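Visitor: So the protein sequences, as listed, match chains A and B. Take 1 as the starting number for the first sequence in my numbering and just add one per residue. Take 1 as the starting number for the second sequence in my numbering and just add one per residue.
Derived from the structure by calculation, the hints contain no laboratory data. It cannot be assumed that every hint is accurate.
[What the hints assert, rightly or not] Which bits of chain A does chain B cover? Going by a derived footprint, with three or more residues having C-beta under 8 Å, they are: (1) 98-111; (2) 129-137; (3) 153-159.
[To be verified] Here are the simulated BS3-like pairs of lysine-lysine, each with C-alpha atoms no more than 25 Å apart in a straight line: (4) B:104 to A:31; (5) B:239 to B:140; (6) B:225 to A:24; (7) B:140 to A:73; (8) A:31 to B:110; (9) B:104 to A:24.
Keep in mind it's a predicted model, so treat the numbers as computed, not measured. C-beta: ideal position from N, C-alpha, C; glycine also.
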Amino acid sequence: MPEALFRLRPFFLPSEQSRATMNKFIRYARKNHLLFVLCTLGPVFALFAFIRIIPIIRTAYYSFTNYSLIIPKPVFVGLANYAKMLQDPSFKLAFTNTITITFACVIITLSFALLFAVILRRIEHPSTIYEMIYFIPVVTPWVPATVIWRWLYDPMFGMINQVLSLFRLPTQSWLQNPDQVIYAIILVSIWKTLGYYMIIFAVGLRNIPEIYYDAARIDGANRGKQFRFITLPLLKPIVLFGVIMAIIQFFNIFTVSYVISSDAQGSPSYECKVLVWEIYRNGFHYYKMGYASAEAMVLLAFILVVILIQFKVVRYDIE
Amino acid sequence: MISSRAPGKPFDLSILLIHAVLILGSLFILFPFLWILFTSLKSGEEILRLPPTIIPENFTLANFVAVLTIQQFPRFILNSFIISSLSMLSVLLTSVLGGYTFAKFNFPLKNALFVLILATAIVPFEVYMVSVYLTVSRLKLFDSYLGIIFPILIMSFGVFFIRQYALSIPNQLLDAARIDGASEFWILARVVVPLCVTPLLALGIFAFSEAWAFFIWPLIIINTKSMFTVELGLMTFHKKFYMDHGPIAAGAIISILPMLIVFLILRKRFIQGVTLSGMKM
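Using the sequences and the accompanying hints, generate a full structural model.
Guide: Next up, the structure:
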């Protein structure tokens with residue numbers, strides 16, 4: 001009987017077996033510096049969870065609720081927000097505008113970026129000066145960039161109309177014409193981002209070994225053929241990457257549109273609705289958090305589709 | 001005949017053409033800057049003169065004086081500097097801690113955690129800002145520096161970027177330090193960080209400039225004028241006094257200047273940082 005009593009151990013004392021597992025774990029932890037890992041990665045991952053991961057998941061959840069700052073208790077409404085979006089003219093307009101801006105900016109910016117990158121490679125030494133100049137708008141934040149351009153677009157004092165009238169071309173009302181605001185935004189965006197994609201392509205071009213071109217020259221290939229059969233195929237991955245980056249960047253466009261169409265004294269201008277602006281307006285003006293979240297999910301879905309297509313294309317390429 | 005031409009010589013004309021195209025492009029890029037610079041140096045009367053003058057007749061700094069004294073611009077600049085520096089420091093710290101640990105240690109769920117952090121990089125901030133706003137409002141961080149830098153305390157790309165560099169640090173070096181009795185934190189501070197100065201500098205510049213240009217979040221979360229960033233101040237000023245263009249031009253120049261100076265001094269690092277961020281996805 002006493003023996004049996006001895007065998008009963010208090011619940012807080014580990015058994016022989018579990019003590020062995022614990023020792024094993026401690027040895028494993030010591031060997032792999034798990035305490036250090038916990039101290040360094042713990043806070044970092046906690047921040048990522050708190051600032052990125054949880055908010056993303058929560059936004060997805062909110063998109064199925066009617067959450068607003070006015071209704072304190074969010075109620076699950078299923079796909080109602082998404083259905084409402086299909087009926088919402090201002091969302092539809094914002095979506096079309098965003099697609100138009102993205103399409104125009106991606107094509108024009110990337111074509112010019114590629115052109116400039118290719119001809120930059122031809123000149124050796126002074127190319128750094130050009131790279132520097134073209135990069136200045138990239139380091140200029142969107143707000144001052146838009147403020148600068150807004151004054152250039154001014155129908156009376158703006159330089160663009162002055163130049164147009166110098167060449168006896170009809171002057172335009174630009175920002176005061178609801179149809180032209182979008183062109184104004186596209187032009188500013190091209191100006192702002194051209195240098196970035198030019199540098200990306202220039203780096204890609206620099207990584208193509210000169211020896212390919214030497215070989216092509218020996219075989220008698222001219223410039224056009226060299227571009228067609230060496231530069232383009234070898235640059236294709238980075239061009240594709242640039243296209244994806246640009247689509248995502250322009251699809252998120254907000255600041256230009258917001259600043260360029262801001263209502264101002266003495267200068268009525270029409271706003272060009274874009275997707276992020278709709279999220280901002282619904283979320284922070286009308287406090288319709290649920291609806292804004294649903295719009296945000298559309299933005300995310302679009303980006304995920306683009307990235308998926310990229311993966312598909314890349315895989316197809318490898319095969 | 002063609003083969004007898006010296007290498008490098010035969011394309012003189014096309015080189016000239018290339019320069020012409022590039023200079024034309026440069027004009028397109030630079031003209032708005034020159035225009036705003038000249039506008040900021042003109043008097044109010046000259047700005048509204050028709051036809052407009054390009055180079056000011058009388059150079060005046062009145063617009064800069066106006067924007068720095070009448071408006072609270074110095075305060076906005078200070079705010080922007082504080083916000084950008086805090087964000088930069090936080091990004092550097094978290095990126096080194098995360099990046100080094102991911103590169104050199106083995107622990108359970110390592111790959112899953114890393115993929116999770118990387119995956120957040122493809123989600124733009126605009127997607128989840130509503131949710132972050134609710135968090136910040138629950139923490140009562142409106143109109144505070146912490147509230148403004150809250151979403152930019154970390155950068156997924158930073159963790160990834162430093163990890164790539166840390167992978168190239170030889171393990172023997174770390175083991176040698178361990179045999180000498182160095183603690184893990186000492187190794188991190190004295191061995192790893194000095195070896196990562198180059199990527200840290202590029203990342204720091206990138207984080208600072210991203211924070212400086214951050215617009216939509218301050219727009220949402222700041223209501224008190226004394227907490228405005230330069231971007232926000234410029235936007236409000238521009239909205240309210242559109243016709244008062246001299247001071248607005250001066251304000252725009254002031255808001256560009258810090259970035260431009262850093263860029264011109266550290267051009268290589270800057271371009272490296274920004275283009276490498278292309279790997280953000």
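Visitor: Each hint: holds or not?
Guide: Here's how the hints hold up against the structure:
no.	hint	result
1	98-111	violated (count 0)
2	129-137	holds (count 8)
3	153-159	holds (count 3)
4	B:104 to A:31	13 Å, holds
5	B:239 to B:140	28 Å, violated
6	B:225 to A:24	59 Å, violated
7	B:140 to A:73	19 Å, holds
8	A:31 to B:110	16 Å, holds
9	B:104 to A:24	22 Å, holds
Of the hints listed earlier, those the structure fails to meet are numbers 1, 5, 6, in rising order.
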